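Asker: Numbering-wise (my numbering), the sequence shown opens with residue 1 and increments by one.
One thing to keep in mind: the hints can contain errors.
[What the hints assert, rightly or not] Computed list of lysine to any residue pairs in SDA-like fashion (alpha-carbon distance at most 20 Å, straight line):
{"hint": "1", "residue 1": "K330", "residue 2": "E278"}
{"hint": "2", "residue 1": "K330", "residue 2": "P289"}
{"hint": "3", "residue 1": "K330", "residue 2": "D271"}
None of these hints come from the bench; they were simulated from the model.
Being a predicted model, the structure only gives us computed values, none of them experimental.
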Amino acid sequence: MGEDMAGGGARQPDVAVRGTSELSRFADLAGMRLYRRNIFAVTGLPADAQGRTVRSHRQRLEARLAVEETWPGDADSPLVGGHRKDEVRTAFEEFQDPRRRLVDELLWRWGDTDFGCGCPAAVHQGHDTAVRFHALVLEAEAGRVEATTDERDRQWSGAAVHWAELLEGREFRRHIAHRIKALDDPRLTEHSAYDFLDGLPRLIASPFTELADAPGLRPRLARVCAGWAEHAPFAELLPEVFEERVEAAIAKIREGQLSAMDKKNAQMYWDAVDIMNEKVLPELQGLEPFRAFIPEWRYEETARGVALALNNLAVALHRQLESPSAAQRKTVVTLAEKAYEIAPERDAAGFKANRDVIRAQFGRSGQRPVATLSPRSRQPAVARSSPRSRQPAVAKSSRRSRQPAVAKPLRKKRFAVAIVALAVLGTLWIIWGPAAAVAAVPAIVILSVSLFQG
């Protein structure tokens, strides 16, 4: 029989034959309990323990735990703390099912156990190194041991490298096939080495899902996951860790945009500014650590929506304010600048045109924002506009170009008409593209002449 198959007729070692039955032990161990529930870690038995060895060791431990509260488990374990009587009893019961037992065996140190598998020594050493790095960093992230951020990063990286090498190597698959054969139990005949091998990457990566529940840990965790995703066995699994959080953030961004636009349409401009600064922009900033796990088109679509909302709000304020204060001018210019900075590269020209028009009349916002949200620079932060307390209580709703009663010098009127024309062109460019903007030039010229003569 070929050892890669460990059941059924002989075949070539590189032919993939998979069983059909799920292995429930994968679900039982998933998460931060991955190693702490491992039956070899809990009982301290060697990886090849079977039958009489397991039974006699159980009797000794039960006698010991009759007078002691805990048992330390594997003497060489990287885990901290002991195991209670109920945990030890549960672990021994798992030995009764060879399918569950084999999953645990693959996820604990092998030491110098002679399995008779014929693996190169480096394979077993790499396996034990992967287990040790991974177990140590999970203990550190759980707060059970002290470790600096640099130490944790090294442990995460070491675990990823060694697990990936093992999972991608033929020797590990052959080792599993050998162990299926050596355990020689009918309950294993419906499985091949591939059933165990296929489930391991998701199980090994499963602690990330629990760790991602801690908001303060997410930026560093996303960086760690990006490193793990460079290894083929984990590449398709890690986006799932952050999928729910990314979707929730994008939904909040969209909700905030709609709310801000409702306020703008109701001429509650400063309320709209507050919503964009206090709700929408922080959510967009919060997506930055997870950029590696968001399709580029999805992020650009979200960023473009935010940029459009900022741009439209800036244009509306630019048209409505008659005699803006310095703080108001700064707010409008900052909105236009943010829109340009956030906009995807393909839309940058149109947003830049609007920004330049607004800067030309209202002047620069003074000192440029210290931090900006720019998908081009990929250095996220939020530069806040002026708070509402610096804004007038009511923003005037009349358009500058529609105020015939206000006497203005001829030069100022020409400049205002030019500004409006350029703003309209910029908006058309952003929303419908350059072709639409060019097509609209004659109509805008006629409108500009009409406004000037009126």
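Asker: Confirm or reject each hint.
Answerer: Hints, verified against the model:
no.: 1; hint: K330 to E278; result: 17 Å, holds
no.: 2; hint: K330 to P289; result: 29 Å, violated
no.: 3; hint: K330 to D271; result: 16 Å, holds
Hint check: a violation occurs at hint 2 only; the rest are consistent with the structure.
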